[in-house]
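Residue numbers (the numbering used here), protein chains in the order written: chain Y, 1 to 199; chain R, 1 to 227.
Calculated directly from the structure, the hints in this document are not laboratory data.
All values derive from a computational prediction rather than experimental measurement.
One should not assume that every hint holds.
[What the hints assert, rightly or not] Cβ-to-Cβ under 7 angstroms is the rule here; a few derived chain R residues that face chain Y:
hint	residue
1	Arg15
2	Asp26
3	Glu86
4	Leu90
5	Phe174
6	Ser224
7	Ile225
Glycine residues also receive a C-beta, built at the ideal position from the N, C-alpha and C atoms.
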Amino acid sequence: MASLLEAVDLGLVRGGRDLFQQLSFEVGPGQLVQIEGVNGAGKTSLLRILAGLSRYGFSGRVIRHAPLMYLGHHSAVKGMLTPRENLAWHISGEGSYSPGEIDDALARVGLYGYEDVPSHALSAGQHRRVNLARLYLSRAPLWLLDEPFTAIDKGGVAELEALLVRHATAGNAVILTSHQSLSVSYPVAMLDLLTGLAA
Amino acid sequence: MAPGALAFCSRILRRQLVLALRRPVDIGNPLLFFAMVVALFPLGLGPAPAALAGFAPGILWIIALLANLLTADNLFRGDFEDGSLEQLLLSPQPLYLSVLAYTLAQWLVTGLLLALVSPLFAVMLGLSASAIPVLMFSLLLGSAVLSLVGGIGAALTVGLKRGGMLIALLILPFYMPVLIFGSAAVQAVAGGMDASAHLAILGAMLCFAIALAPLAIGAALRISIDA
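Bound conformation, chain Y alone:
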């Protein structure tokens, strides 16, 4: 089983405190990994390190074997653009999507009928949903999701969970942070920042 991402001896020091040390793990196809930890434990920092966005205070090595998609705290949705434009001109440079694919993805996140509304007229939850629509378009095998359930309603959470399971089942991997436990009938590996990946 080829791994999609390897982390070797990760350590992180922030503000003079060791957040974690000698954290090593491997994430392979089919894995659904949830990062555990209290507020301030360094979950977001770890995700940013895994994505390659952050190096400050960091030691160790991250080896990425596959393209990844990272969804952070900020939705990266432009208020002056419509949801359709936001996806078509997305700055991640990941893919070129046909208008049909984009409309389909927006319909799946419940934004049917909102395709051409300026995004600043949408609610916070709808903003998140525009961002989540990228998951339906993504062809990246590895997803790094920071609190993907924030501001999403119950139905949306269930759909998102199903999507994550489908992604993992198809031989890809998901690493996410979340304060709520996933209610999925799929093995979720828990990654503790102090003790590492539980089997």
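With the hints as your guide, set chain R onto chain Y.
For chain R alone, coordinates are given in the frame of chain Y:
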């Protein structure tokens, strides 16, 4: 399929231009600023046409430089605040070209427009008509350099809540050579001499800035996003 590098650049260019056109105030303000500062000089220096015409090349160039400085801070700020910049840095596309597309989009709605309307202001200050084509051309070349250098300052300060004053202190020294050769070109023509040497140096500065500034901007963005 990830788009090709050039397709991605044209996507960024289009995105930035649409964003700019949906906020026409941001495009109009630098032009209005230009007009108002031009109007200040006859009030401050006295309305003697000969004196104003003598100072006109320097005045026009300094205002263009300040107008550019005012807009530099906005280049990456919005995208930093809403998380778009993280996505850009993670993209599999060459950052050099993406950053170049950003600056090109910004130049099209600031420097280019400023250069195009500059004849109007030149006439207000009584600059001789023969110097106007060189004024426009020098502003076209020079403002592109200013946008690229300003991009470095914008990328370095984008992580700070209030980067305004710092960005001015950081990049004004690098604006100076552009000002020197830009206004000298216009002065030369107004004095009946040839400006091609000055314009050639401005062109060389532009080549230099296109080659190196995107690298500096990319590196600065990585630092800013890490903080």
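We went through each hint and held it up to the structure:
Interface restraint check: Arg15 (chain R) against chain Y, minimum CB-CB distance 4 angstroms, threshold 7 angstroms, status holds. This hint is violated: Asp26 (chain R) has a C-beta 11 angstroms from the nearest C-beta of chain Y, more than the 7 angstroms allowed. Proximity of Glu86 (chain R) to chain Y holds as hinted, the smallest CB-CB distance being about 6 angstroms (cut-off 7 angstroms). Given hint, Leu90 (chain R) at the interface with chain Y, holds; its Cβ is 6 angstroms from that chain's nearest Cβ, closer than 7 angstroms.
Restraint check, Phe174 (chain R) versus chain Y: the minimum CB separation of about 27 angstroms is more than 7 angstroms; hint violated. A hinted interface residue such as Ser224 (chain R) counts as satisfied when its beta carbon comes closer than 7 angstroms to some beta carbon of chain Y; here the least separation is about 11 angstroms, so the hint is violated. Restraint check, Ile225 (chain R) versus chain Y: the minimum CB separation of about 6 angstroms is within 7 angstroms; hint holds.
Of the hints listed earlier, those the structure fails to meet are numbers 2, 5, 6, in rising order.
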